[in-house]
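Number of protein chains: 6
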Amino acid sequence: MLSVKIDVHGHVTAPDSLYVYKAGLVSHRGAHGRGDAALTAEAADAALDAPNRSFGGISHRQHLDNAGVDYQLISPRPYQMMHSESPAKIVQWYAEETNKAIALSCQVESRFKGVAGLPQTMETSPATWMNELRRCVTEYGFVGAMINPDPYEGLQQPPALGDQFWYPVWEVLCELGVPALIHSAGCRPPARESYSLHFIQEETLAVTGLLQPSVFKDFPDLKVIVSHGGGAIPYQRGRFYPGAFRQGTTYRDILRNLYSDTCLYTQDSLELQIKAVGADHCLFGTEKPGTGSVKDPETGRWVDDIHLLIEDIEWLDDAERDQIFAGNAQQLFKL
Amino acid sequence: MLSVKIDVHGHVTAPDSLYVYKAGLVSHRGAHGRGDAALTAEAADAALDAPNRSFGGISHRQHLDNAGVDYQLISPRPYQMMHSESPAKIVQWYAEETNKAIALSCQVESRFKGVAGLPQTMETSPATWMNELRRCVTEYGFVGAMINPDPYEGLQQPPALGDQFWYPVWEVLCELGVPALIHSAGCRPPARESYSLHFIQEETLAVTGLLQPSVFKDFPDLKVIVSHGGGAIPYQRGRFYPGAFRQGTTYRDILRNLYSDTCLYTQDSLELQIKAVGADHCLFGTEKPGTGSVKDPETGRWVDDIHLLIEDIEWLDDAERDQIFAGNAQQLFKL
Amino acid sequence: MLSVKIDVHGHVTAPDSLYVYKAGLVSHRGAHGRGDAALTAEAADAALDAPNRSFGGISHRQHLDNAGVDYQLISPRPYQMMHSESPAKIVQWYAEETNKAIALSCQVESRFKGVAGLPQTMETSPATWMNELRRCVTEYGFVGAMINPDPYEGLQQPPALGDQFWYPVWEVLCELGVPALIHSAGCRPPARESYSLHFIQEETLAVTGLLQPSVFKDFPDLKVIVSHGGGAIPYQRGRFYPGAFRQGTTYRDILRNLYSDTCLYTQDSLELQIKAVGADHCLFGTEKPGTGSVKDPETGRWVDDIHLLIEDIEWLDDAERDQIFAGNAQQLFKL
Amino acid sequence: MLSVKIDVHGHVTAPDSLYVYKAGLVSHRGAHGRGDAALTAEAADAALDAPNRSFGGISHRQHLDNAGVDYQLISPRPYQMMHSESPAKIVQWYAEETNKAIALSCQVESRFKGVAGLPQTMETSPATWMNELRRCVTEYGFVGAMINPDPYEGLQQPPALGDQFWYPVWEVLCELGVPALIHSAGCRPPARESYSLHFIQEETLAVTGLLQPSVFKDFPDLKVIVSHGGGAIPYQRGRFYPGAFRQGTTYRDILRNLYSDTCLYTQDSLELQIKAVGADHCLFGTEKPGTGSVKDPETGRWVDDIHLLIEDIEWLDDAERDQIFAGNAQQLFKL
Amino acid sequence: MLSVKIDVHGHVTAPDSLYVYKAGLVSHRGAHGRGDAALTAEAADAALDAPNRSFGGISHRQHLDNAGVDYQLISPRPYQMMHSESPAKIVQWYAEETNKAIALSCQVESRFKGVAGLPQTMETSPATWMNELRRCVTEYGFVGAMINPDPYEGLQQPPALGDQFWYPVWEVLCELGVPALIHSAGCRPPARESYSLHFIQEETLAVTGLLQPSVFKDFPDLKVIVSHGGGAIPYQRGRFYPGAFRQGTTYRDILRNLYSDTCLYTQDSLELQIKAVGADHCLFGTEKPGTGSVKDPETGRWVDDIHLLIEDIEWLDDAERDQIFAGNAQQLFKL
Amino acid sequence: MLSVKIDVHGHVTAPDSLYVYKAGLVSHRGAHGRGDAALTAEAADAALDAPNRSFGGISHRQHLDNAGVDYQLISPRPYQMMHSESPAKIVQWYAEETNKAIALSCQVESRFKGVAGLPQTMETSPATWMNELRRCVTEYGFVGAMINPDPYEGLQQPPALGDQFWYPVWEVLCELGVPALIHSAGCRPPARESYSLHFIQEETLAVTGLLQPSVFKDFPDLKVIVSHGGGAIPYQRGRFYPGAFRQGTTYRDILRNLYSDTCLYTQDSLELQIKAVGADHCLFGTEKPGTGSVKDPETGRWVDDIHLLIEDIEWLDDAERDQIFAGNAQQLFKL
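Residue numbers (the numbering used here), protein chains in the order written: chain D, 1 to 335; chain X, 1001 to 1335; chain S, 2001 to 2335; chain C, 3001 to 3335; chain Y, 4001 to 4335; chain V, 5001 to 5335.
Derived by calculation from the structure, the hints in this document are not laboratory data. Think of the CB as a built atom: it goes at the ideal place given N, C-alpha and C, for glycine as much as any other residue. Wrong hints could be hidden among the right ones.
The list that follows gives simulated cross-link-like pairs (lysine to any residue, SDA-like), each with its CA atoms no further than 25 Å apart [unchecked claim]:
#, chain 1, residue 1, chain 2, residue 2
1, C, K3217, C, A3191
2, X, K1275, D, R252
3, Y, K4089, X, W1166
Calculated from the model, a selection of chain S residues having no Cβ within reach of chain X, i.e. all distances over 12 Å [said to hold, decoys possible]:
#, residue
4, Y2021
5, G2035
6, S2059
7, D2065
8, V2137
9, G2141
10, E2153
11, Q2156
12, G2177
13, S2196
14, K2295
15, R2301
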């Protein structure tokens, strides 16, 4: 019960000035020039200690302390990424400032490792997006990339992740040797889902898209972690058994091309996930503080105390629990 | 282990002439007139005994016999419904012929009860669609309606199920006292999902749409069964806990406004479903013969032998198993 | 009156399984994989002997016998070609299965010669379409190609037949030395015409498109037969006289770059056609069994007994009648 | 051979200032205000005597003299009507000025009777269009209306003539007791046909649209003359025989709900037309001077000397010839 | 030179939390619920004293002090209004919070009077927008409304201000007896202008739209002030002289239906404006602090020290100068 | 007061036959072939002497005489250019005929110098448009080109003038050594402005587009004259001061990359313009006869007697006045 805990799914808690900057960008659309979000290490530090209504009234650091998280990979707040906004330069600028906020957070909090957000505007090409990843890995020492499978944010159909369109993304990830965390961003009307449900829907599509025969054949070294337990797939996986049988394989084997995080908030779901893909393919992830930072009035636990749920799974042995909490992440992210 | 088994999720095995008729409709677009699919009781009967490649080489009746199904509710093959085709009259005609095929099947096979498909073309209004349900209940004695939450079949965004747009549907269902089986139909390019995965995505949206506060407040007698175990929701339900806590309730209570069928093909998924919503809200459903009618080479079982999976759940007591296999369906469908 | 009769305009009478296959394709949109239409020589043979409501209650072979047709060129049922459906692969698969049905029919009925249908989806290029023609000529010994001038099937404006867009089609036809039969396919709402009237409208446009100065100058060996007597053109040909006079030629000379079939159902129309373009440019064609397979209650003749109408034209001499019935077809199709 | 000749299909030869006015309207789009085309009786008179390149180098009056036309119904030059231009007011103003040009021509040339052009812009309703007809009948004594079945001029699909959309048009025609001359106007890119071929295509659609069962049942007094010999229909009429037989009638009877003019330029086409619909349903019409005002170098005849073609038909008796040349027009237009 | 100065064109300097709130709205699109911007009087007060990069490094209050402004009418920062965002509720919420920020500013700074921003989303009707104005006038005592003539923010063409579409706006303004300040909001790609130039373009269109004959005839009590000196109109007014002469009036008289503010930054432009419309139709307005809050390196003056420019106009007498600085505003806004 | 006067902004007064030709083009859309406008030197000459309602009842030559214009640069009537019409060939043909009309006018009136209109259809590329300029300079000796910054004529957003899209235009202008006169053409519904106000709006956008840093850096020899005094910019120029100060320059210096004509109709506007850009950057231009050819009932002057307004400016010295009236034009156009 004393595993090292590496949370692969944390999002940056940035100073207000990042969002004031963003509000300006979507208003002036670039007319005020590049400017900046006035980010400083001091402000980044203060933000981590500020109690926050959205976090259940406590601070980001208090959440880490409470949950005993030893390391957290922090990426941008996904729903703020505004990939579908125009013109492209404001998407670019916001991604850069956000990554700077992450870098500053890593500088002031040693538990953090950075995961880059990318300027995934459809006005530019995927190859162009990857320049920002290169910069973040080189300049900031980031260890991964958050990839949004739907840069249109619900406004139209993007190419599926199995399409050649995405190959420049996989190429650069392999070249840099960093994994991708699949995580969509916003979702715009008239879509029927909130951004939060859009995460789940897109992850379901991401799994089926990536498992097209060609992707992992063409990129055998590609490492992809699908957020939130892989969308609907572990629960619905039996639906894909017949197809796999017909190809002389099993869907479990196909599924194990991918990794998923444990960002689910019920123990039975976690058990299902681990059974479906194996403990060696699940990475501890909490999105904490965030969506789940509310206390269950009955149990008194934070909904996003996912470490407690994992610890409560009786049939997991220590080696498996260690894989989930740390070993898999160490291997994939070379920590 | 000797429960009566009522399978609420079966689809009609119609004579070839129904599909020849359909191929004609989408070609002549109504120019040949209404015509008909040349359906007869004899042909309907023969179709049930015909071995079928898509069914793993055996017939629909053999599947029922093998699985010991006592009653099966049969609805149209959903992916054939062509709700997004034009003009409206061919959607209407096809729905009528399909319901006739169901009625004839019920006539020649006493284990069947009919569930109507509706002409859900967006060129007409929901109120118009419901005339066909009235006809099927009155003329044929059908016991339910299959409702497609996405009549556009992936081409554009329909109103969410919580929208007033759908109220005429709920009104007539309540008036006739028959439940709805939520089940989407086709899915057209450039959508990224096959129709089969679209089922799951649409069911996820259907659950969140229907659980908008107003629907069950305005239609307290409405009975809705979501196919395929409720899409992603049971697995991802923890994601909705915080919202429910903030409203002073629990998501489990909210979820129990709906029913779901057991059309999942892995035991752990079924266990998760039953834990999530309770045995009194799960209805035995198999989609058999269909997607799952392939044998697992290792176990030798049909993938869609869902009754075996349910029987294998050790912690279910007999009363709960009876509810799932029969009791819930008897109550909802007044069988 | 004992001419050999070669009917250049017949459509395949395929087994029902072809249309069941098609109904599946437009429903699963490729999700079930390529599959096949379960076509066999036996089924193809049986289909030719099956009495058919759409054929006036008798079989395809009986129609041939009754009319004394010695040879019939059979192409796909045009209105079933679904060129405007998506994704491209289902258009491709359906074209291939249809051509297979034609090949099997030719195998079991020695009076038949095959004319290929092509996968004319606008998601692929004309050059791509022609691969299927190459295959059919090489593998099956087909003698011509049916070309749809409107692959959008009424949904939007395609390039006119005089446009460079179509040059790859003309190139391959010349390379293979086989003629084209111009014949559109379906017509989708909100167009104002049925597919059958769309045939006529498209043929009118095909004539004016092809008679643009460049086509036959660039492809002097191209042989094109316009179905249904050339649409409106022979009747309306005087409208084009002034333009031709201004260019120092006559419209009759311009028109004779093309051939047309006799698929008209009134003697006076046939007379007009033959006068307009000459007996050496008319090919016997009936579309039999098909649209015209209904008996005139007054005369007791089948409407599509076009051979009788031709025989009734008193001013035709035997040489001309032979040209129409056989000679022109023998020359163009190298029979 | 000395029949009175009433040509129902003539178009106004207006002073240049009408077209200068039009060029202004489509440039300033109404910004210069209503203005006017500076039309006068003197200018109208002079225009009728001016030799014209487009008329083969002679004047409108010389054409009438040469052909011995006793009366000519003159409507606007159809291709100039610009029904699809925007805003609506410029379509309205141009229609009014054009009708004024017609009225002035009738004033200075006693052989003329006016047929009104209507402001058929889709920005206003059909009921609105008819106000201009009322005005022309009341103020100017016009005797008919030219109706364009495609106010979009090829840009999109209008409702078919059998649609309820057109009922206000039929109502006012019946109320005023004046016939309609069906004649489309322009045809805009990217349509594949010139405006002149668009006339033919639209007339074909007009015939099939108007022959929908309801129109002449609902408007038994409606009189409609389809220009240019009825498009493709007489030539292709056999195609519609089976449908009529199935309804227990004949297509000839159905066709005789409509009238057509003789604006065809070949004798065999005229013969076909008269056989198809009867001499009592054909009205002498020439579109002269216009498209056909070119001399055939071989015969020396004007192509649009249609009276000569009709006179050359040997099997017509004098009564029939009189009907065509005058009787039918006198009856329909109450001349 | 000691006039009271009422600046009618100031924008709120709100606490950062308003923009953090906005950044959230355009990201979660309403999924987080209404929430609020955590606005307080203290924060509003502090914001007014905070030095600001965009304001040339000093605070809003310092600007007022420096310029000797006695009263300032403050409206929302226009470019932040996001009228074209979706869904409508986020536009509504942001407008409400912005007006609250204005109300709090008025509470802590006695020199301020509020001018309401409205939720001008095209998903709702103009009548709906006006509810927020009613609320602001009643609850907060606001004295005017800022009206955006382009709620689409450059994405498509809105109805011109002379159109009936806008009548509900004019009605409520007259009913409440408060003037409108015409001022557009954002401008979205691919428009060619920045939001700031869009202000000018829209004001030019606003003037010509409002001067359509009907508006001020139908709403004689309507008071409208066009921002930024009336766009291009005073400079280009000669262009409209001929039209006015033709109507028997002068364009100067027509123009005087409207008022404009002095938000121009060059003395010669102000002189032109005052000559064009009269001192009794110009209202002192500065947009200060804002666009012009930069010092001219040569003169050392703030560019937006418009009071100095007005004071420098030698030919203005004191009465006129008082009208501009205060009298006109007092009369229109009933201060 | 006896300066030579070169009016750089005159438009051709063409014979009516040019507009009759145009009315035909937009009606037959090219179906009648290229044809021509029947232009002759005699007709061109007569047109210049014809009194014209739109010119206040006198002729073009009388206007020149009255105003004492020594030379006038004449370009096409811009609003007639129909750049947004389709197909491209009719735009091309009309531009050619218009330039021919200009050439003929220059031939018969020695005071004229030609400025070419270009076939700026978006169906072809800017490089293609420039062929017509080459032809006009070479064949006709034209001295400039009129450039429309909005070839879509209000229907959609064109690339801004600072965009690379326009570089082929600047290249050819520099190559030929002729200046551009920026002047838009028509403006189509549903735009809110008339073509005349569209001129102003487009000129405002043209100034800001052209002043993007790259254009005059990449084309240092480019000479551009913006019509109508530069749109709104001189009046609103203070709005751009802060940006220039921030770049270490002044907006006056930036503005002086461009020239503008004096086509404004009020003396104070002219004074403002000359102060804003300097007398060495203003070129005498009147658009005479045209929009302003109406007499002011009070002064008795023609509104477009701009030479009188310039002569009335007291603070201009003779050298400056000469620059405006002639010197600047001589230098730019190498007259």
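Cross-check of the supplied hints:
A threshold of 25 Å between alpha carbons decides the hint, and for C:K3217 with C:A3191 the separation of about 34 Å lies outside it, so the pair is violated. Under the criterion of a C-alpha separation no larger than 25 Å, the hint pairing X:K1275 with D:R252 is consistent with the structure, at around 24 Å. Taking the CA atoms of Y:K4089 and X:W1166, the gap is about 22 Å. The hint holds against a cut of 25 Å. Distance to chain X contradicts S:Y2021 as a non-interface residue, since its nearest Cβ pair spans about 8 Å, not more than 12 Å.
With a least CB separation of 9 Å from chain X, S:G2035 falls inside the 12 Å interface cut-off, contrary to its annotation. A cut-off of 12 Å between C-beta atoms confirms that S:S2059 is not in contact with chain X; the least separation is 16 Å. Residue-level check passed: S:D2065 sits 25 Å from the nearest beta carbon of chain X, beyond 12 Å. For S:V2137, the shortest C-beta to C-beta distance to chain X comes to about 26 Å, beyond the 12 Å cut-off, and the non-interface label holds.
The claim that S:G2141 is not at the interface with chain X holds, since no C-beta of that chain comes within 12 Å of its own (minimum 27 Å). Not every CB of chain X is more than 12 Å from the CB of S:E2153 (nearest about 9 Å), against its label as outside the interface. The non-interface label for S:Q2156 is consistent with chain X: the shortest C-beta to C-beta separation is roughly 15 Å, beyond 12 Å. Distance check on S:G2177: its Cβ is at least 31 Å (rounded) from any Cβ of chain X, clearing the 12 Å threshold; non-interface status holds.
S:S2196, annotated as away from the interface, has a beta carbon of chain X within 12 Å; the closest lies near 6 Å. For S:K2295, the condition that its CB be more than 12 Å from all CB atoms of chain X holds, with the nearest at approximately 18 Å. The non-interface label for S:R2301 is consistent with chain X: the shortest C-beta to C-beta separation is roughly 23 Å, beyond 12 Å.
Taken one by one, the earlier hints fail for this structure at numbers 1, 4, 5, 10 and 13, listed in ascending order.
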